[in-house]
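Residue numbers for the sequence shown follow our numbering, so the first one is 1 and each next one is one higher.
Some hints could be false.
[Said to hold, decoys possible] Straight line, CA to CA, 27 Å or less: simulated DSSO-like cross-link-like pairs of lysine-lysine:
#1 381 / 286
#2 259 / 56
#3 46 / 56
#4 56 / 255
#5 255 / 20
Since the hints were made in silico from the structure, they are not lab data.
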Amino acid sequence: MSANKEERLYLDHSATIPIKPSVLEEMVRVAQIDYNPSSVYSEGRKAYEAMQQAKKEMAGCLSCDVSELVMTSGGTEADNFAIKGYAFANRTRGKHLIVSAIEHAAVLQSARFLEQCGFSVSYLPAETNGVIAPQTLENAMRPDTILVSVMHVNNETGVIQPIDDLAQIAHAGGAAFFADGVAAAGALPLSLEHMSVDMYAISAHKLGGPKGIGLLYIKDGTRLEPLLHGGGQEDGMRSGTSSTPLIVGMASALKQVQKQVQDESFCAHMVQMRDRLQTILEALPKARVSGEGAPRVPHLCHMTFPGLSGEGIAALLDCCGVAISAGSACHAGTLLPSHVLLAMGYDEASARSGVRFSLGEELTETEIDIVSQKAADVIEKLYAL
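The whole structure should be built from the sequences, with the hints applied where relevant.
Structure (structure tokens):
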């Protein structure tokens, strides 16, 4: 089986959204004045002004102050900065952290690193529908807990977490609350001033922006120890020469996607398309929708097919001209069971069988039907082996 490039259908928008042409145009325009924004001469000042304008636009889009945004190289750095930076800056108050067991590897590995540095970490399991229950967090809180980390939207299942309820529990116990928002910013309207988070991470390439740029929102008054030292950029919080084109590109993408997800008709259309796909696939033998019954983002459908390999399903669909992922793209190819599904109580066989379909705005109903039929054919043939 083979497919020409023109025939391919891309359903892995949760891994990355191809850069939007309008974003690329903005970046090319700004690249013509891409001098060092830290310089005192006029060319550098022009780059600085363009960068600051982009940051102001992002702050306005997110309903926060521009001084609360620190630019990073992406979601992984933002996650590391939030977990390690907060722990190191506040360790005199306590050395206990709580993170959910369904977090992105950047959070989990940062937590494990801190364990090697003498911190204590509790890992919260999820309910079978993928939700972190507030009572589970409440039971894990300790007098020395300084930080709680629960992602806003899970990148594999698309389940939306009750972060405001969880943050209130953290705050009641004297702890700060961090939410990895990388999987949320392209799917949900955000207003950080009305959210209970102390820190929030976003990555541009999940929004149709460029790779290599992201941000960490740090609520005013929240103390973090910088991880990168040098020239003192980002108000001393993150040293390294700033890339004006990348920051401008992120601002452009963020503004566009946040406007889009506030459109109720657009969101309803994405839910309809997702459910059209899901209805066909969940009729297959042994099929199980991950996060069923929980609130989920409109564009994502994650399913398991026990007895099969998620990697195998994805590989065969690739041969049929359909791009999807088995679990998180960050761990694709590992053949390990999904740590997210294990934390939801799935057995190892089921946790190896997951596949994720994440839809984009460009897909038509006809294309969804084509994908559904190809996926059904592949899965039925694999079960028949």
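Right, here's what the structure says about each hint:
{"no.": "1", "hint": "381 / 286", "in the structure": "holds, 14 Å"}
{"no.": "2", "hint": "259 / 56", "in the structure": "holds, 16 Å"}
{"no.": "3", "hint": "46 / 56", "in the structure": "holds, 15 Å"}
{"no.": "4", "hint": "56 / 255", "in the structure": "holds, 11 Å"}
{"no.": "5", "hint": "255 / 20", "in the structure": "holds, 12 Å"}
Checked against the numbered hints above, the structure breaks none of them.
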